[in-house]
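*Asks:* Residue numbers 44 to 413, in my numbering, belong to the letters of the sequence shown in order.
Bear in mind the hints are in silico, worked out from the structure with no lab data behind them.
Please note that a few of the clues may not be correct.
Said to hold, decoys possible - Restraint-style ranges between C-beta atoms, simulated for each label pair:
1) C80 with P275: 48 to 58 Å
2) V274 with P226: 12 to 22 Å
3) E183 with M73: 20 to 30 Å
Stated by the list, open to error - List of simulated lysine-lysine pairs, DSS-like, C-alpha gap at most 25 Å:
4) K182 with K115
5) K205 with K115
6) K206 with K169
7) K206 with K182
8) K123 with K169
9) K115 with K65
10) K321 with K352
11) K182 with K169
12) K408 with K345
13) K408 with K352
14) K158 with K123
15) K160 with K65
16) K204 with K214
17) K123 with K205
18) K204 with K182
19) K352 with K204
We put the beta carbon where it would ideally sit given N, CA and C, even for glycine.
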Amino acid sequence: SNIRTTTRSVPTYYVPEALVPKIEQMRQVMSDLDATCITPPSNDDDDDDGDKHVSSHGRNQSLMKMNIVGIKGGDEIELKQRKNHGARLFLRAFDVNHGGHPALGYTIVSQTPGKLKMEYQNLPSKDIRTLVQSGVPIKEEPTEEIQVAYTGDTCALGLLKKKNSKEENGKSALYLQQAFTAPLIFCEMTFLDVDNDEDDVSSNKKKTKKKRLLDQTFAQERGHMHLQDIVPVLTSHGWDILSDDNDATASTDDTTSTTTTTTTLSNTNSDPSSISNKSQIIFYHLSGRHGPASYALSQILKSNVLPPKLLERCSVSVASFLGEEIDNNDSVQQEEESGGGDETKINILSLVRNDGCISLSDYAKYIWRK
Numbered sequence: 044s045n046i047r048t049t050t051r052s053v054p055t056y057y058v059p060e061a062l063v064p065k066i067e068q069m070r071q072v073m074s075d076l077d078a079t080c081i082t083p084p085s086n087d088d089d090d091d092d093g094d095k096h097v098s099s100h101g102r103n104q105s106l107m108k109m110n111i112v113g114i115k116g117g118d119e120i121e122l123k124q125r126k127n128h129g130a131r132l133f134l135r136a137f138d139v140n141h142g143g144h145p146a147l148g149y150t151i152v153s154q155t156p157g158k159l160k161m162e163y164q165n166l167p168s169k170d171i172r173t174l175v176q177s178g179v180p181i182k183e184e185p186t187e188e189i190q191v192a193y194t195g196d197t198c199a200l201g202l203l204k205k206k207n208s209k210e211e212n213g214k215s216a217l218y219l220q221q222a223f224t225a226p227l228i229f230c231e232m233t234f235l236d237v238d239n240d241e242d243d244v245s246s247n248k249k250k251t252k253k254k255r256l257l258d259q260t261f262a263q264e265r266g267h268m269h270l271q272d273i274v275p276v277l278t279s280h281g282w283d284i285l286s287d288d289n290d291a292t293a294s295t296d297d298t299t300s301t302t303t304t305t306t307t308l309s310n311t312n313s314d315p316s317s318i319s320n321k322s323q324i325i326f327y328h329l330s331g332r333h334g335p336a337s338y339a340l341s342q343i344l345k346s347n348v349l350p351p352k353l354l355e356r357c358s359v360s361v362a363s364f365l366g367e368e369i370d371n372n373d374s375v376q377q378e379e380e381s382g383g384g385d386e387t388k389i390n391i392l393s394l395v396r397n398d399g400c401i402s403l404s405d406y407a408k409y410i411w412r413k
């Protein structure tokens, strides 16, 4: 309704095709709710109780207008643009694993038409036309850039690189690989529970390992990601995040100075795992059991699960966890106003970016300053 009233355009939703009937039912129910109005009884009404009447025809039409398009893993859809800057945008879907529930991950890719080949750039238009008519390819291959990736709701099984991509859904597996070359990746991470007690004795090690396994199994059964799933997923896609060889990392970064992954369409089937790992990751979908924000972020850092090379490129969406932090901030301000505040105390809210996320490296510095 908000999109309809603010932009006057009907939004389009690309969803797993198995969910289309359910979403259509939801839309109809919400439309009826949106159109429902309470009207006073008419003067001709014989009832004396004065009850108001509920009508589902209070408006000529509902504001709940939307285009629902069912797609499946491996599908590619060109997205409409209000302004075309020479590049076309495509949505690519890949299959994930949400505990049996229909779910997809997505990438958005920009495609730029190939330029006129160097050897033909100084030819007159007449000669170029002749070449085209004779079937000579005069343009370079189109190039594409993976702009952003979104994993959707999934467990680790849905994101691990497929070993036999040709035997499974070839395009879906390819789009999954491409997702982990995007400069910005929205990756779900629901559960954080990690037993990292430094006082554990050897007799408790088996218990610790069992607890960790149960936590990850719990996440997998519900179709969600666990903190300890992140590194295995990324390394399966060729991310070099475990080695301490800074020189190797620097040399790899030098070979890819652009902020986006650029490939030619003729080379689409090449292994994207060789791309430099310069991607930024935003973790989202944290379980409410891990709030408030400071507790969740501290749990991630204390676990030592994410290696330093990865930690510096990760942020966590915490906008829904800031209620207690805001209350604490109000109390700190009251202390300062009364002259009893601690000048060394740092406000975690100052770390929240405009997108509602906090960088893990920024939070680590915040912890050290405290």
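*Asks:* None of the hints should be skipped; say for each whether it holds.
*Replies:* Status of each hint after checking the structure:
Between C80 and P275 the CB atoms are about 54 Å apart, so this pair conforms to the stated range of 48 to 58 Å. Look at V274 against P226: about 20 Å separates their beta carbons, and that is inside 12 to 22 Å. Range check, E183 to M73: Cβ separation about 48 Å, and the 20 to 30 Å hint is violated. Restraint check for K182 and K115: not satisfied, since their Cα atoms lie roughly 33 Å apart, outside the 25 Å limit.
Only pairs whose Cα atoms come within 25 Å are accepted, and K205 paired with K115 is accepted, the gap being roughly 17 Å. Between K206 and K169 the CA atoms are separated by roughly 50 Å; this puts the pair beyond 25 Å, and the hint is violated. A C-alpha spacing of about 35 Å is found between K206 and K182, which places the hinted pair above 25 Å, so the restraint is violated. Under the criterion of a C-alpha separation no larger than 25 Å, the hint pairing K123 with K169 is inconsistent with the structure, at around 34 Å.
Our distance criterion of 25 Å between C-alpha atoms is met by K115 and K65, whose separation comes to about 16 Å. A C-alpha spacing of about 10 Å is found between K321 and K352, which places the hinted pair at or below 25 Å, so the restraint holds. Straight-line distance between C-alpha atoms of K182 and K169 comes to about 16 Å, which keeps the hinted pair within the 25 Å bound. Straight-line distance between C-alpha atoms of K408 and K345 comes to about 14 Å, which keeps the hinted pair within the 25 Å bound.
Between K408 and K352 the CA atoms are separated by roughly 15 Å; this keeps the pair inside 25 Å, and the hint holds. For a cut-off of 25 Å, the pair hint linking K158 to K123 stands: about 23 Å separates their Cα positions. As the CA atoms of K160 and K65 are separated by approximately 50 Å, the hinted pair breaks the 25 Å bound. Under the criterion of a C-alpha separation no larger than 25 Å, the hint pairing K204 with K214 is consistent with the structure, at around 13 Å.
Proximity of K123 to K205 is assessed by CA-CA distance (about 31 Å); at most 25 Å being required, the pair is judged violated. Using a Cα cut-off of 25 Å, the hinted pair K204 and K182 is violated, with the two alpha carbons roughly 34 Å apart. Distance restraint check for K352 and K204: the Cα-Cα separation of roughly 21 Å lies within the 25 Å cut-off, and the hinted pair is therefore satisfied.
In this structure, the hints that do not hold are numbers 3, 4, 6, 7, 8, 15, 17 and 18, in rising order.
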